[in-house]
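These protein sequence lines map, in sequence, to chains A and B.
If you want the numbering used here, it's the 1-based position in the first sequence plus 31.
If you want the numbering used here, it's the 1-based position in the second sequence plus 1276.
What the hints contain is simulated information worked out from the structure, not anything from laboratory work.
Keep in mind that a hint or two might mislead.
Unchecked claim - Distance ranges between label pairs, derived from CB positions:
| id | chain 1 | residue 1 | chain 2 | residue 2 | range |
| --- | --- | --- | --- | --- | --- |
| 1 | A | Asp170 | B | Pro1385 | 29 to 37 Å |
| 2 | A | Leu175 | B | Lys1362 | 47 to 55 Å |
| 3 | B | Leu1447 | A | Gly176 | 52 to 60 Å |
| 4 | A | Thr200 | B | Ser1412 | 56 to 64 Å |
Values in this document were obtained by computation on a predicted structure and should not be read as measured data.
In this text, a Cβ means the ideal position worked out from N, Cα and C, and glycines have one as well.
If you want the building blocks of each chain, they are given just below.
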Amino acid sequence: MLDLKMPVWGTWLMALGFIAFIALLVLYIRRHKGMSRSLFASPYTLWMIIFTVLPIILIAYYAFTDANGKFTFDNFVTFWDSNHTMNKQLIEMGFDPAEMGGGRGTVNLDTLVYSLWMAFLCTLICLLLGYPAAAIMADRQFKLGATLVVLFIIPMWMNFILRTIAWMTLLEDNGLINKLLIWLGFERVQLMYNSNAVQLGMVYNFLPFMVFPIYNALAKQDVKLFEASMDLGANRWLTFWKVTFPLSLPGVVSGITMVFMPAVTTFFIPRMLGGGNTEMFGDLIERTFLTANNWNLGSALSLIMMVLILLSLGLLRKVDPDGEGGSML
Amino acid sequence: MEEQRLITLENISKEFDGNTVLDNINLYIRKNEFLTLLGPSGCGKTTTLRIIGGFETADTGKVIFDGKEINDVPPYKRRVNTVFQKYALFPHLNVRDNIAFGLKIKKMPKQEINKRVDKMLDLVNLSGYGKRSVDSLSGGQQQRIAIARALVNEPEVLLLDEPLGALDLKLRKEMQLELKSMQQRLGITFIYVTHDQEEALTMSDTIVVMHGGHIQQIGTPKTIYDEPKNAFVANFIGESNIFKGTMVRDELVEFCGQQFVCVDSGFGENAPVDVVVRPEDVMLVGEDIGQVTGVIRSVLFKGVHYEMMIDTGNCVWKVHSTTMQPEGSRVGLNVVPFNIHIMHPMKEA
């Protein structure tokens, strides 16, 4: 039998080796003072290469190849026309796809448009709810501001899947809300499995990402500026529009970025609260990879998503060059 | 005289969290006057200014502007403008838009705004800076923008809260003269807050010396300097020797174990008093002809003069002189009666 246990002296050897390695590293850093910065950065560089750069290269590779590893644009054509593969096979078999009723399939594109629309709505609602909340929290005369901040942070300590499932127990046909309604003598209401439920879940999950950047931007504003504005004849309302709001814009831009990005790529929430009636792009990608087992199409979809996100990031970067406000999260 | 009073503060008191910041302040400000509120930090001068500006409300008392009580009038409805301590320029607006802020709020026609802003930029010697961002300007330039932003609204009163505090000495002196000449040219009432006594003496028509929430003395710079009402004012305005003394009778005072002839009277006989002698008013003479004699303990070179500490046994005198005497030598000190200033002793220690 092969003994897999390491002999004791092996452990000692490893420890010695480790110590020697640290000693050599320290010596090396002390010799090359100028080198130390890049040397210290090397673990992170390695990390980035393994977990970020390589996967992206892999995604690009899969997106531009077919199942046999041959270069192709088919995956992107399939994004545009989900029936593309099927129609191609029909033509090969000598049929006319048009005759068989096999026109362009718009499932993929529709899902993307739906995701963008839902994300846009979610961002808008978060902004409309989040700005006043942030303003109240940042108000120095409001004594409970700090408490409110904590109340916003605490739910974020919980996993978002748990938070979403918590909503299910509230919204279900036999959930708390419906039980309450029936107890009060109302009809049962179908609350789940529609876009509204999904939107509710998204707003609930992403609202803090809107509130905190805006709160940061508002809280650091100098009171003297409001006084200066009032001194120059602006009442509270004008002061808000001419001074407070423009100065909080970097926070607003950060908030929009931080809500829109995850909202567009949302998965799980639509599946739980929308019950499959409302598939979003994140779910589509997941399903393409894991259920349809089509890594090539899934990669292409991911790549399209990535490009869209990069584009919107670049757009926002123009409005908010310092990217401040998001520092708290 | 009565209609000349533009602003009157009547029995103003203010507390912050139980601390009395202003205690029964009474003060009036005349039209076209350059009035300075002077005092150490925490004396209540900024609070007084903020009450006039409308940023604080007095707990008790009345603020009267042009005959009308304005206690509850919000800042944006008051005919005053403020130059803030650290300027409080709007960082998201360029120089021109900062200055135009007040006029735009008033919905003035664009051409009129442009005309006025250009005039203001000219006045503060910053024409051509309109498109610059305020962050790119130096402290002195920002300071002038802050003044322009306030003045462009043609306020009746300009409030200035230590506007020169952040500038270096040379720039500060230049700006002092510039501000004073601006005030005279434009005929606007200036209420100026500072802790710098020299600044106050240079610019003001009237100085209000404040300490501990009380007004210590109101007067012209000359009165304040020459006839300080109490030891605090004497100490705060310029340098001085303050001795505990006794008024023997009218025009004769005893301090430092010596009797001096003075010009003050009306304190009663054998009354305790504070005696102020300015260091520059003490003459160094030969040992044999001095009213008192003492030993020079230290000599400091101060540029214009030497500052010497002279020990006369029971007192130490600070003396300014342009001629130096070596340390340790014995000298005589003379003070003419006119330069001995007698005050009632301060109530507090």
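Consistency of the hints with the structure:
{"no.": "1", "hint": "A/Asp170 to B/Pro1385: 29 to 37 Å", "verdict": "36 Å, holds"}
{"no.": "2", "hint": "A/Leu175 to B/Lys1362: 47 to 55 Å", "verdict": "30 Å, violated"}
{"no.": "3", "hint": "B/Leu1447 to A/Gly176: 52 to 60 Å", "verdict": "40 Å, violated"}
{"no.": "4", "hint": "A/Thr200 to B/Ser1412: 56 to 64 Å", "verdict": "57 Å, holds"}
Checked against the numbered hints above, the structure violates hints 2, 3; every other hint is satisfied.
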